[in-house]
Amino acid sequence: MAVNYFNYLRKEKMPHIWCAGCGHGMIVKSIIRAIDKLGWKNDEIALVSGIGCSSRTPGYLDFHTLHTTHGRALAFATGIKLAKPNLKVIVVGGDGDMMAIGGNHFIHACRRNIDMKLIVYNNNIYGMTGGQASPTTLTDAKATTAPYGFLEEPFDVCNMAIASGATFVGRALDLDVPLMDRVILESFKHKGFSVVDAWSQCPTYFGRFNKWGSASEMMERYKQIIYNIRQKDQLSEEEKKGKYPVGILHQIERNEFCERYQKLRDTLKGKEEAE
Amino acid sequence: MQEKKNIKFLSGNEACGEGAIVAGCRFFGGYPISPSSEIAEFMSKRLPLVGGTFIQMEDEIASIGAILGASLAGVKSMTATSGPGLSLMQENIGFGAMAEIPTVIVDVMRGGPSTGNPTGPSQSDVMAIRWGTHGDYPAVALCPESVNEVFLLTIEAFNIAEFLRTPVVLAMDEITAHMREKVELLKESDVKIVNRKKPEKMPYLPYEYGEDLIPPLPGYGEGFRFHVTGLNHDKTGFPTNKSELMEEGNRRIMEKLDKNKDKVIKHEEFMTEDCDILVVAYGSSARAAKRAVRTAREKGIKAGLFRPITLYPLSEKALQKAAGKAKKVIVPEMNLGQYILIVERVIGHGFPIIGINQVDGEPISPSKILSKIEE
Ligand SMILES: Cc1ncc(C[n+]2csc(CCOP(=O)(O)OP(=O)(O)O)c2C)c(N)n1
Ligand code: SF4
Chain V
1 MAVNYFNYLR
11 KEKMPHIWCA
21 GCGHGMIVKS
31 IIRAIDKLGW
41 KNDEIALVSG
51 IGCSSRTPGY
61 LDFHTLHTTH
71 GRALAFATGI
81 KLAKPNLKVI
91 VVGGDGDMMA
101 IGGNHFIHAC
111 RRNIDMKLIV
121 YNNNIYGMTG
131 GQASPTTLTD
141 AKATTAPYGF
151 LEEPFDVCNM
161 AIASGATFVG
171 RALDLDVPLM
181 DRVILESFKH
191 KGFSVVDAWS
201 QCPTYFGRFN
211 KWGSASEMME
221 RYKQIIYNIR
231 QKDQLSEEEK
241 KGKYPVGILH
251 QIERNEFCER
261 YQKLRDTLKG
271 KEEAE
Chain Y
1 MQEKKNIKFL
11 SGNEACGEGA
21 IVAGCRFFGG
31 YPISPSSEIA
41 EFMSKRLPLV
51 GGTFIQMEDE
61 IASIGAILGA
71 SLAGVKSMTA
81 TSGPGLSLMQ
91 ENIGFGAMAE
101 IPTVIVDVMR
111 GGPSTGNPTG
121 PSQSDVMAIR
131 WGTHGDYPAV
141 ALCPESVNEV
151 FLLTIEAFNI
161 AEFLRTPVVL
171 AMDEITAHMR
181 EKVELLKESD
191 VKIVNRKKPE
201 KMPYLPYEYG
211 EDLIPPLPGY
221 GEGFRFHVTG
231 LNHDKTGFPT
241 NKSELMEEGN
251 RRIMEKLDKN
261 KDKVIKHEEF
271 MTEDCDILVV
281 AYGSSARAAK
291 RAVRTAREKG
301 IKAGLFRPIT
311 LYPLSEKALQ
321 KAAGKAKKVI
331 VPEMNLGQYI
341 LIVERVIGHG
351 FPIIGINQVD
361 GEPISPSKIL
371 SKIEE
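Chains V and Y, in that order, are what the protein sequence lines are. Following the working numbering, the numbering of the first sequence begins with 1 at its first residue and continues without gaps. Following the working numbering, the numbering of the second sequence begins with 1 at its first residue and continues without gaps.
Treat the hints as calculated values from the structure; they're not laboratory data. Owing to the predicted nature of the structure, the values given are computational and were not obtained by experimental measurement. Treat each hint with caution, since some may be false.
[Said to hold, decoys possible] Below 25 Å or equal to it, Euclidean Cα-Cα: the simulated SDA-like pairs (lysine to any residue) are:
hint: 1; chain 1: V; residue 1: K263; chain 2: Y; residue 2: R46
hint: 2; chain 1: Y; residue 1: K201; chain 2: V; residue 2: K263
hint: 3; chain 1: V; residue 1: K11; chain 2: V; residue 2: K29
hint: 4; chain 1: Y; residue 1: K45; chain 2: Y; residue 2: L186
hint: 5; chain 1: V; residue 1: K88; chain 2: Y; residue 2: F238
hint: 6; chain 1: V; residue 1: K41; chain 2: Y; residue 2: M202
hint: 7; chain 1: V; residue 1: K88; chain 2: Y; residue 2: L205
hint: 8; chain 1: V; residue 1: K13; chain 2: Y; residue 2: M246
hint: 9; chain 1: V; residue 1: K41; chain 2: V; residue 2: A20
hint: 10; chain 1: Y; residue 1: K45; chain 2: V; residue 2: L9
hint: 11; chain 1: V; residue 1: K271; chain 2: Y; residue 2: R26
hint: 12; chain 1: Y; residue 1: K197; chain 2: Y; residue 2: R251
hint: 13; chain 1: V; residue 1: K271; chain 2: Y; residue 2: M202
hint: 14; chain 1: Y; residue 1: K235; chain 2: V; residue 2: M14
hint: 15; chain 1: Y; residue 1: K242; chain 2: V; residue 2: P15
hint: 16; chain 1: Y; residue 1: K198; chain 2: V; residue 2: G59
hint: 17; chain 1: Y; residue 1: K8; chain 2: Y; residue 2: M179
hint: 18; chain 1: V; residue 1: K13; chain 2: Y; residue 2: S243
hint: 19; chain 1: Y; residue 1: K256; chain 2: Y; residue 2: F163
hint: 20; chain 1: Y; residue 1: K45; chain 2: V; residue 2: T267
hint: 21; chain 1: V; residue 1: K13; chain 2: Y; residue 2: T240
hint: 22; chain 1: V; residue 1: K13; chain 2: Y; residue 2: P203
hint: 23; chain 1: V; residue 1: K88; chain 2: Y; residue 2: M202
hint: 24; chain 1: V; residue 1: K41; chain 2: Y; residue 2: G74
hint: 25; chain 1: V; residue 1: K211; chain 2: V; residue 2: L151
hint: 26; chain 1: V; residue 1: K232; chain 2: V; residue 2: F155
hint: 27; chain 1: Y; residue 1: K235; chain 2: V; residue 2: L9
hint: 28; chain 1: V; residue 1: K37; chain 2: Y; residue 2: G223
Extracted from the complex, chain V is given alone in its bound form (with noise of 0.2 Å):
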């Protein structure tokens, strides 16, 4: 059955602010759709962001909502899932917002498993503050404050994620829904701290400065610097050589905080009095 959009969106917020062309509007049907497949309530969901194009996207969902500081919105969540631990709490935000401004909070987070679902919207660029360098601006691209190219290296969202202990890290590109689709409800399955590096494209800044084209010429660009990862093996190092692995990258199985604190509760049940 066609999923009705307007059951998840605040139709009177509508328009949105998001530029032609801007990727992440695909990445809200595709949350969407996987809160919709998985017949989540509006009621039990809780949706954070922090500043910037990206994160505006809670204005548009009718779910109980946060729009936070710059970067800081994985703390909000973990505060919001500690108390409520039966919400189900989603956290979105940009490259910058997540990786620059919110990088520590990005690592502890993924350090202590506790369940909720991360979804970076990747454009490589500050969109909100007009296409200044972010964390994750390829190297020799151009950005405002980048004006003769990017002379840093990139982190990787999902080495990153991997390496401070996610237990599920996955990659996908706006253009590839039904991959997009897929990595984000295996997410949204998962128990534990989730990553998900949605790329998504900036054809206002990132788009123009670069001479990349329109946001279509954009993901074709993108597609070009990725590899699906079932085709790991068959690909020669030189051939993944400078490109990303898209799909479901990381996934395990680690004691859940939540949980674990219940039964920490559990084992002192009765122990106060006897103080």
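Assemble chain Y with the ligands onto chain V, guided by the hints.
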């Protein structure tokens, strides 16, 4: 039959933890820092015993974020820190004020600026507490002088936060935090506990307010879906850039404190009825001041003490009255003259207002205050 009083010998930091539990705090997020760490240690031990949650966050920015999140989920929350941590929290203290989220921030003051004096007493954050975040916001801060008062004011801090729907600071200094004194531990049933007002019906607008200017607040997941942002917003909680609505919102969060300040303000007066010399002091400096005033009286000098218990808001009328007949006002502080600025504004410059300022990591002695009284 009279129940036996539960008297314990505790440090201020422990009394703060006890008070928080009685007030209904069930979430603590914090980052260790002297001289506040014992509060986090206490909460890590106690919270899981009472169905609550403790988490040590990765820094103070995360700590304040987590406690604001927990509060939005309907759970009373707290963090504890000292100057360097308070500085890191400032952006999100403003978020709490703007989005109107009740929570309690304990600041055990140490010498600053920077790392300063981690283990010595100080009152150097008094202005940072008032003006630290950007923008205008309704600052509320309580300042205890004894361990017993730490217990009571911690409960009060939660009550005010819940009532006004805003972050409240409990400002202690290293002396009140580490000193051990007798505390009467009261039970929940023996104290007044305030819980936030909740909405009664749908549709619910998160920033729609009545006469008291305080909008009701449900927890996430309790059936009322709403949006929260640090952007200027209208009654619906969604961002607005209409100038009249921005003006209204910015003014209202200030006016809600002003309108309800009589329910919040607390102060103590000691021998002020006929005083020629008024000492205005807070926290542990007020204890030294009280000793000095007593000795002065024994010597026939008409001295008195005005002690703001809520540093913010200050009972301005009462201070003006207490200073009414005074020829001299003395303000001892463990900083280089912060609260004196407020005293000057409130009681004017008609007579000398003299600061006693000390930033050597030692408490201000009663004799130092006495000699200023006698001067
Ligand atoms: C503390 C703080 N520093 C800086 C900013 C300014 N700022 C707003 S959004 C943003 C970056 C947005 O980029 P990203 O997170 O990648 O999201 P996008 O807009 O590209 O979706 C910055 C630097 C801010 N709001 N707060
Ligand atoms: S500026 Fe870029 S990221 Fe922001 S809405 Fe426009 S296209 Fe999207």
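Against the structure, the hints come out as follows:
{"no.": "1", "hint": "K263/V - R46/Y", "verdict": "holds (15 Å)"}
{"no.": "2", "hint": "K201/Y - K263/V", "verdict": "violated (36 Å)"}
{"no.": "3", "hint": "K11/V - K29/V", "verdict": "holds (14 Å)"}
{"no.": "4", "hint": "K45/Y - L186/Y", "verdict": "holds (20 Å)"}
{"no.": "5", "hint": "K88/V - F238/Y", "verdict": "holds (22 Å)"}
{"no.": "6", "hint": "K41/V - M202/Y", "verdict": "holds (18 Å)"}
{"no.": "7", "hint": "K88/V - L205/Y", "verdict": "holds (23 Å)"}
{"no.": "8", "hint": "K13/V - M246/Y", "verdict": "holds (19 Å)"}
{"no.": "9", "hint": "K41/V - A20/V", "verdict": "violated (30 Å)"}
{"no.": "10", "hint": "K45/Y - L9/V", "verdict": "violated (43 Å)"}
{"no.": "11", "hint": "K271/V - R26/Y", "verdict": "holds (17 Å)"}
{"no.": "12", "hint": "K197/Y - R251/Y", "verdict": "holds (21 Å)"}
{"no.": "13", "hint": "K271/V - M202/Y", "verdict": "violated (42 Å)"}
{"no.": "14", "hint": "K235/Y - M14/V", "verdict": "holds (18 Å)"}
{"no.": "15", "hint": "K242/Y - P15/V", "verdict": "holds (17 Å)"}
{"no.": "16", "hint": "K198/Y - G59/V", "verdict": "holds (22 Å)"}
{"no.": "17", "hint": "K8/Y - M179/Y", "verdict": "holds (13 Å)"}
{"no.": "18", "hint": "K13/V - S243/Y", "verdict": "holds (19 Å)"}
{"no.": "19", "hint": "K256/Y - F163/Y", "verdict": "holds (11 Å)"}
{"no.": "20", "hint": "K45/Y - T267/V", "verdict": "holds (13 Å)"}
{"no.": "21", "hint": "K13/V - T240/Y", "verdict": "holds (12 Å)"}
{"no.": "22", "hint": "K13/V - P203/Y", "verdict": "holds (17 Å)"}
{"no.": "23", "hint": "K88/V - M202/Y", "verdict": "holds (23 Å)"}
{"no.": "24", "hint": "K41/V - G74/Y", "verdict": "holds (19 Å)"}
{"no.": "25", "hint": "K211/V - L151/V", "verdict": "holds (18 Å)"}
{"no.": "26", "hint": "K232/V - F155/V", "verdict": "holds (21 Å)"}
{"no.": "27", "hint": "K235/Y - L9/V", "verdict": "holds (19 Å)"}
{"no.": "28", "hint": "K37/V - G223/Y", "verdict": "holds (22 Å)"}
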